[in-house]
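> Sequence:
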Amino acid sequence: MLDLVLYGPSGTQPLGRPAPVRVEIRNTSGREIWIAGVLDGSESGLRFPRYLPAVTRTEDGVVVARPAPAEDPLVGPLRRGDLRRLAPGESFDPTTGPGCLPLMTFAHFVPERSGRCRYTLTLNTEAARPEDWLGGFGLPNGIEREELLALVARVPRTTVTAAPLDVDFR
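Residue numbers (the numbering used here): 44 to 213.
No lab work stands behind these hints: they were computed from the structure.
Among the clues, some could well be false.
Ranges of calculated distance between the beta carbons of each label pair, as one might list FRET restraints [what the hints assert, rightly or not]:
| no. | residue 1 | residue 2 | range |
| --- | --- | --- | --- |
| 1 | Arg122 | Arg156 | 22 to 32 angstroms |
| 2 | Ser72 | Asp103 | 35 to 45 angstroms |
| 3 | Gly185 | Arg109 | 36 to 46 angstroms |
| 4 | Arg156 | Arg123 | 19 to 29 angstroms |
| 5 | Asn184 | Pro116 | 31 to 41 angstroms |
| 6 | Asp136 | Leu192 | 36 to 46 angstroms |
| 7 | Leu117 | Glu169 | 34 to 44 angstroms |
| 8 | Gly59 | Glu114 | 41 to 51 angstroms |
Beta carbons: idealized from backbone N, C-alpha and C, even for Gly.
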């Protein structure tokens, strides 16, 4: 139903700079679906959708980058523009565009030593309650809330993990 793909640079990357890693979500179903990109609180697991990145050194399996703990449990409200309709076969980068945030784990990881690092990303949309998508403050009410919950109901409930992306640093 959804395909999650990580794209990285070709060739060896220099130490001291983050590797340019891109993300793509593709609708592989035969019907339109709705999905949201990386929202305030998505990367830290405070809200849905959850985008859970990590970077691991392949030589010893040590996790060298993961989302930082949330400093504040409040996250901004879900807005209609945060949800995107994807036709069959259509794709988008959930880290760019209106309402979308970069994955800070990838954007800020700067390797300290030479070697290969493995980038991983999991997308989880399996909220127990549709309200878990709405956010923590400034929540909509009335008709706006009902419209948002109706769109959230159209998001497929799934957990998808991208194939790992290995990047060599020297």
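> Please go over all the hints and tell whether each is borne out by the structure.
Evaluation of the provided hints:
1. Arg122 x Arg156: 22 to 32 angstroms: violated (42 angstroms)
2. Ser72 x Asp103: 35 to 45 angstroms: Given about 39 angstroms between the Cβ atoms, the range holds.
3. Gly185 x Arg109: 36 to 46 angstroms: holds (38 angstroms)
4. Arg156 x Arg123: 19 to 29 angstroms: violated (45 angstroms)
5. Asn184 x Pro116: 31 to 41 angstroms: Violated, since Asn184 and Pro116 (Cβ atoms, about 21 angstroms apart) do not stay within the stated range.
6. Asp136 x Leu192: 36 to 46 angstroms: violated (26 angstroms)
7. Leu117 x Glu169: 34 to 44 angstroms: violated (22 angstroms)
8. Gly59 x Glu114: 41 to 51 angstroms: violated (27 angstroms)
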